[in-house]
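Here's the letter readout for the chains.
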Amino acid sequence: MAEPDAKPTKEAEAAQRRLGAAGPQASASTSGTRAAGALEPAPTEEPQPRPFGEGYKLIGKDYTTPDLLAKVTGKSKYAEDFRAEGMLFCKLVPSPMPHGRIRSVNLSQALALPGVRAILTADDLPPQPNPLAERALTNEPMFQGDPIMAVAAVDEATAAEAIELIEVDLEPRPFVIDPLESLRPGGPNPHAQGNVWVRSGPPHPGIHLTPLKWTAEDFADYDQGRLPMGHAPDEWSYGDVEAGFKSAKLVLDESFVTPDVSHQCLEPRTAMAYWQNGKLFMHVGTQSTYQTVPAIARWLQMDPDKVVLISEYTGGGFGSKVTGTQVMIVAALLAKKCQAPVMMRISREEEQYLGRARPGFQGRMKIGFAADGRITALDMFVVCNSGGYGSQFDSISSGNTVSLLYQPPAMRWRGVTVMTNTPTRSAQSSPGGLQGITIIEPILARAARQLGVDQVALRRVNAPEGKSDFGPANHGVRPHSTSSFLKQALDHGAEQFQWAQRAARPKRSGTKARGVGVSLSGFGAGSIGYDGLLVVTPAGRVRFHCGIGNLGTESISDVHRAAAEVLDVPWESCDVVWGDSSRHLPYTCPSDGSQTTHAMTRAAHAVAMACRQRLQEVAAKALGGRPEDYEVANQRVFRKGGGGGLSFAQAAQHAIRLGGIYDGHAAAAEVHPATQAAAGGLAGQGLVVAARDLYGRDGSTYSFVASFAEVEVDVETGKYDVIDFLAYGDVGTVMHPRALGGQLLGRSTLGIAHAIGQKWVFDPQYGAMVAKRFYQNKPPTILDVPVAMQWNALNLPDPETPVGARGVGEPPVGGGCAAVLNALSDALGDEIYQRAPVNADTILTSLIAGRPMQHPLMANI
Amino acid sequence: MSEREEPGAGAGASPANALTRRKFILGVIAGGAVVSAAGYRLLAPRAPLRVAGGERLLTLNINGKQRRVEVAKNERLAWTLRYKLGLTGTKLGCDRGECGACTVLLDDVPHYSCSVLTQTVRGRKVQTVEGLAAPDGTLHPVQQGVMDEQGFQCAFCMSGFLMATVGYLKTNPNPTRTELAHGISGNLCRCQDYNKILDALMKGAENMRRA
Amino acid sequence: MAVVRDVMPAFDLLQPTTAAEAQRLLQQHGAEAWAMAGGMDSFDWLKDRIKRPRVVVDLSGIAELKGIRASGGGVEIGALTTLTGIANHPAIQKDYGLLAQAASLVASPQIRNQGTIGGNVSQDVRCWYYRDGWPCYRAGGNLCYADTPVGRNREHAILGANRCVAVHPSDTAPALIALEAQFVLQTPQGERVVEAEDYFVGPGQDITRINLLQPGDLLTAIRLPGTWAGARFYFEKVRDRNVWDFPLMNVASAMTLAGGQIERIRLAVNAVAPQPLRLRAVEAAVRGLPANAATGEMAGQLAVRGAVALQFNAYKIPLMSNLVKRAIGGVPEATWA
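Residue numbers (my numbering), protein chains in the order written: chain A, 1 to 861; chain B, 1 to 211; chain C, 1 to 337.
Don't read these hints as lab results, they were simulated from the structure.
Because the structure is a prediction, the values reported are computed rather than measured.
A portion of the hints provided could be inaccurate.
[Claimed, not checked] Keeping only pairs whose Cα atoms sit at most 27 Å apart, straight-line, the calculated DSSO-like set for lysine-lysine is:
hint, chain 1, residue 1, chain 2, residue 2
1, C, LYS66, B, LYS170
2, B, LYS170, A, LYS75
3, A, LYS306, A, LYS337
Next up, chain A with everything else stripped away, as it sits in the complex (with noise of 0.2 Å):
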């Protein structure tokens, strides 16, 4: 199809010169300039929104992914959608108690019904030297709802009848469900061995569970409705803050609640197992296919070689199945005991415990304000629920997200991670940052209104810029970001949303008040050090192997368009392996923490630049002459200048009769060991080739979103609609602008649940979650967001990566819901809210009294 030695086309040229050969340094076309108390920047220095794909042939070019067709027509098979000869059910025995021990059971009943096959328990288990750790089943219950035991059976309805049968005999234990409850002088703990979690440096570091208790005097604020500040383990600061407030011409100081809210994916967390000469295969939903298999391997104390995941399709992860979940090993461990393949359908009550969550806060901020609406001086202070299981990172993540968020010249943060008898919390898309932004954004808004100061001006001047630095010195010096076009951002998301005459508008009419929002928001975006792994066939296509985890975020394939790019092969030419760990994954990051897209790229960039080298190398071999009297275009790889050439299918060919390096009979030295090892298996199947990203990177990647929200009130019922809303973001070089478009409406949407209703209920007398449904708990429908929402992005490069691109899935999520929740306060005022979720229950009594009249401080309302 191409012609024989084609120049490489304008398009491709254009593209290698922006991607680059020598990698970073050279495609970086568009500098953050350092912020480090610099000024605005000239005007004629104000970097412009560039059009989508500008430059290049696949990059920013919408497309149709390889996994659509089957998700279309139904074939796309999921966990559950697999059945295997003389499969067995399994169903889980959940524990009736927040906190317990089991004294004693018996099984004799259940174990007597036909069809029941056996009963997993906890003794069942591998060791686990760390009483603390979560376990696939416990006999100390931490949560209600925490599996004790599980039943295989020849179909689910024996299983549950077996369960029926089973006697437990459970010591109930003390309990808390409230952090703030566990905190007080004399309050339970959640677990004998105290109720905070406390990070230890040397000589024996890591994070041990310690009794806290504050005194009655910390609680005196308490009933004030302000959250008491004691003790906190964990505290950082730098600048001068009392001098900051000082100076501070308006100083604000609020608490806030951030409500738990669960990750509720579509598709529970259901496993299938079997075993099969001694290996283990698998059948889960996973946000990672590569990382999964040695944490399988880890829980269940096996060789990772053993282990065979497939895992092509996942329903909705969002944090909460990083590496799958410890859960899945039940279905393993009855497969073993039973010898038969075993279902382990996992019901939605049970994802509701099992499913994770995200921490909820009880937070409060003190902030100075110069009269422009500078931050002067930031104190923050978070209590985070951590469920009870593990020590949550979303205190931590929250201050350093506030810190590069608004920039405060000085800032302390202190923190406490609770635990609690609540189900077990993960990360979720942006943990600690949605709670960060939703407790310092209300303030802002606030702090603009009685400074008379607009509200997108306000948070102009607090934003970064460039190279900014953030959170607690390391060393003596500060962490800072890659880049940011925070304050384009939010300059033309005004332009779009038309904030200016919005803002104008008349705010009531009949019983409907109207309010308009504005948040900045941000995330980490990006890891590095992952490898790449290519084959290009005898038949002159290129297969990207791809441990990626399929999450429907379409960087399965939008990572490898960067390949194909800088190989300049037609995407119809190129194929994607995912899905099955048999499938000869390289080493891959797991699909959390927005890191795939900015991490995947490099890797796939390295990969292309190592595969155009090795095919430079071949011609060279074959055809006479060195490797770099060659260039790569078409599919073909030619003489500079005119004159010989192999098509991608003739050097794929010699690539084989050649071996070694280049036929993956030997890989790269640098590559991780398991990408050596899927080099390996691909052996003789082409050229194959496998890279490590070993790019530079100065500074820590986040991306950026500024979020924008228009809300209408019933003043009469309390009830609102969100009628418009714009996230505009600055996330690097656009990939796939569709795929970017749900993930900056879809992840914007996550956080204006957060806002208008997503929540957890507890009986704190019981310790039971009583909103375990959707009509109870209210994850958001199509009717509740705008009918036509609006995005847009930047597409400014990032400077310290190959290819630009930077992560998408957690920045957008902190500005859904704290621009709503400033609509709210633009429509309504200032008196109506300290906490979120916020419903007509609120608006309507807060109204009535001028006062927020919510719980100021309580869990899980």
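Given the structure of chain A, go ahead and fit chains B and C onto it with the hints provided.
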């Protein structure tokens, strides 16, 4: 005034006086009364009940074909489709009629197949996502709309949305975006890709009108 | 002894095709039988293994109980008519728009396609303690878990509570009360016709029931008299989510005016009490007054007399007041430039 008893932490302020009551609550919490495990509820045990139901051979009209299948008395359509007939495109997201992932058409009308007894669909026309494309593989115009617009993310909800849309378009072939949103509002997307879903399904409706 | 959910126990399924046969089966199996219409309420109870009938009588195959027909100056709606069927029916839309609107706001499209009017008015309460199988008063125990000092009761009752503080969740019930509907019951003693508002049983009367139906009884039809056809209607449902949600509260009114004065009026609210409430005192107070904001204001104040807030549901008092106000005086339209 209703007569009510105050269980739990004992005597308190008049429930009629919300302000007093609120203070009282704070006092109770401060006193730690809420964390007593002594009053822990236990659900009343029940003897398992076995009913000789058995399975019955039914002939069902699925995607235009007559399918003979053994069906239990309490079996829901989603079970029959997924586990007896291998039509796993129909997903179970909640099994409670709260997510829509299991939506199929019964006589062209969208239903939650997790909440339909299979025994009740005898003589009715059942259509699932597998029945949308033509036998030669040509996609249904609504499916094509999703391909055109790269709609949906994880897609666990997709087949339910497709069936709800195809069903709704039979009653309103030329909907506004708002009308279509209402028409498919019984389907939940947890990737919350609603905007792109509506783009795709509006394109699907347009494809259908052109077809 | 351990508890497991989401696996529906086996039952025998009986599928009558006539109302008479259904009635015979229900009477034959008495308390062991469960009558299932659309099943949207039933399945939750069954899947949670909390209700364990030996026999389920599937009513969905009874053609004679479906459909809407003219009857004595009004219409008769078969109890198994779906909510979609009612919301889209031309005669209902034309003369009884109040009911069409109420039906169209229930749950979700798929639920309305399957859920029936009989089921919607006969469904059980949605208190999350009760629905989760807690042994509360309504479940035959001796506690209310929602009405404790820390019980979570945002969605519970402000009026009419008696040990149980759950609210009735139906959207169509207040519309039917406002339309002066009659419910037709087949009982072992023969046909019984009751006023809509008398169909619902409060906890003071019998805490284990929510309506008049006893084992062996069957609700077969709902009759709308011609009395209120084409009257001035108001319906509003306030809920957290815009679809798929039970009401935080709803209100329904039907009125006729003479010379700007309220001549006749019927007014009902739901989700404020264990049963739908007809607000007779308000009706009486506003008769003869102009249907305007001032009358609405007065009516709203009157409506909430005696209301008692629980810990987390105080908002229901002003909400009820405002909804009643609107039902009488209307809502000024917002006009945005």
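A quick look at each hint next to the structure:
| no. | hint | verdict |
| --- | --- | --- |
| 1 | C:LYS66 with B:LYS170 | holds (22 Å) |
| 2 | B:LYS170 with A:LYS75 | holds (24 Å) |
| 3 | A:LYS306 with A:LYS337 | holds (17 Å) |
The structure fails none of the hints (numbered hints given earlier).
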